[in-house]
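J.: Each chain is listed here by its residues.
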Amino acid sequence: MNHISKTLVAAGLISLANCSDQNNPNNPNNPNNPGSTEWSIPKEEVFDGGPGKDGIPALTTPLMVAASQATYLKDDDLVIGYKRGNDIRAYPHPILDWHEIINDEMDGHPISIIYCPLTGTGTGWERTLNGKVTTFGVSGLLYNSNIIPYDRLTNSNWSQIRLDCVNGELRTQRVETFHTVETTWKTWKEMFPQTKVVSHQTGFSRNYNNYPYGDYKTNNNSFIFPVTSQDNRIPNKERVLGVISAETKDRVKVYRLASFEGENAVKHDNFGSYTLVLAGSKKNNFLVAFDRTLTNGTILTFSPTSFSQGLSPVILSDTEGNTWNVFGEAVSGPRTGQKLKPVISFIGYWFSWGAFYPNPEIFER
Amino acid sequence: MHVFKWILFLIQPIIMQHALAQTCCSGGVPLANNIGGLPISVKNTWQFSFGADLNVLTTLKEGTSKLDDRSRERKTLSLLFKTSYSITDKFFIDGLFSWVQQERIISQPTGFTDYDQTRGLGDAVVLFNYNYFNFKRVKLIAALGPKIPFGLSNLKDSDGLTLNADLQPGSGAWDGIFLHRIQATGKARPSRLYFANFTYRYTGVNTEYLGEQDYQFGNELQLLAGVADQFLIGTALISVGLNARYRSVRQDKFNNELLPNTGGNWVFLMPVVGWHIKSNMILSLNGEVPLYANVDGTQLSPTYRINGGIYYSISKNNQVKKQVNK
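If you read the protein sequences in the order shown, they are chains D and C.
With the working numbering applied, the first sequence covers 1 to 365.
With the working numbering applied, the second sequence covers 1001 to 1326.
If you are wondering where the hints come from, they were derived from the structure by calculation, not from laboratory data.
Even glycine gets a Cβ: it sits at the ideal position worked out from N, Cα and C.
There could be a bad hint or two in this list.
[Said to hold, decoys possible] Chain C is faced by these chain D residues, among others (derived, beta-carbon under 10 Å):
1) 53
2) 216
3) 218
4) 224
5) 304
6) 337
7) 338
Can you make the complete structure from the sequences, with help from the hints?
T.: Okay, here's the thing in structure tokens:
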């Protein structure tokens, strides 16, 4: 009887022992804590997202397959496309919804695709920091509902939409970005049939056919975390291209995909020091921006190319007789091989631009 | 009748330990899992119990499918103090107070690990119980009461960053709880007890979540049914039972919009054992494993639960002791 009693007491209270935990994360020596408590953004507006640091597992050098093998993708799934030389790759939202970050190498060059499902923002980041290659992981923290990646080199936390380090050893350092194209899988594979695409064989057990956030991307009232300011001029979840000012980097002008009618439309605009050309199509679901002032000071004037022979990556022609592709590369004409200067721009939900860059200018034409 | 009351004394702590729960996508605020549980007793009886509850979630589910991923683990350890006072033979008040420790453990196959922990005073529950029907071997009891948000719901980590709702020891909201139970003893074997509980929790809104946001855990319905009996093993009086629990939780809401990956339906199997070590003292231990889970979206779902505790009663008029001595 005494034996049973002791056993029951021990069993019933066994978990009490857990109360005297030796690995309290509040211990500043915990290696998982960021090295600095100073933040460039209001700390009281940085929230734990729930899954925890690396609870959403970033992918590193995932298996790539040919477009024809990516049967898990539907035509209207969005992808983030990148072209580096002849290496062309697509990073699908259905994968990024679950992993948010893909660390990859293209032709030996280390890159990261950072995607936040809650702000709908996809960006291409260089992952060489101060001469050292790193990978980025998902910190599990959010600011204005936007992902805060961390680098595994210094454990510093970064803001995706601000494009800078906001906490840790590298605080205030800006990230180097590269130009990506966000569009549908259908448009991308028609533009680049030779593309490679991330396989659904990621090594993680996830249902990539299932969007994990319910009606979030279409419900303008649905938020999962606080956003400091909201601007009602455009529906919250409308996807717009934001261009970040070159000088102060604290102003944004947004371009609505919906205003680019037809197969391919081109518009010119000025924003700060940028003389912009924008090419896009609501129907084909892409919108990109370049600076049309060349390094020698020449300002080109553009018109859209025709897609009468089917979708093509060549979207711009200019008055000099050049044609340019969706990555701003001259593919024919006297400037073949040259590149238009990319501008810092990416697509995101409207509310996210207003939250990070209050009262953004809206292109009205 | 006296024997019947003692059977209840033995069994009810076990019956009631899983009457309610917060959303299962997380370790959750565990208080409601342990609400009630103290037996119907005679007038002027004080009852106390102290126990520990460990809830472990490592099973990642999408709908009814189990995903091959054990990289995330949530553990919720609760220390629970319950007390009850019988104002009359039919009317009694339960109180439940908690201290909660939440742990979140990440251990990715890629080698990345993380650990977070919070601890603190949890919420409390007060239930007003009324045994409104007694006929032969059947009793019907109804209970109503609030869950009181004593626990903190705005804890921050060591960097001063506010943690997610499911890592907070408190919910920050008043809930309303209704509980109804029916119980009957066996005809041929009076020590056998059959029971079924219906519980509904109407959740309130935490209006100070992450600053000034509204967060509401999903409303919850539970049905618990089981059978228990007692046996003499040597000189020890041992009660054993087997319960099944159905639990249905609506999705949580953030600023009145449904939150994905919260809510679901579960069926659990719960073996229980209790040992009456003195006339007014019981040790109990139970485990719980899920038989079925259908979660909304993709969530961590309960893997197992262990609950143990010790119960003690003091009757002002010593009726309980007398009954036992008879």
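J.: Flag every earlier hint the structure violates by its number, smallest first.
T.: Going through the list in order, the structure violates hints 3, 5, 6, 7 and respects the others.
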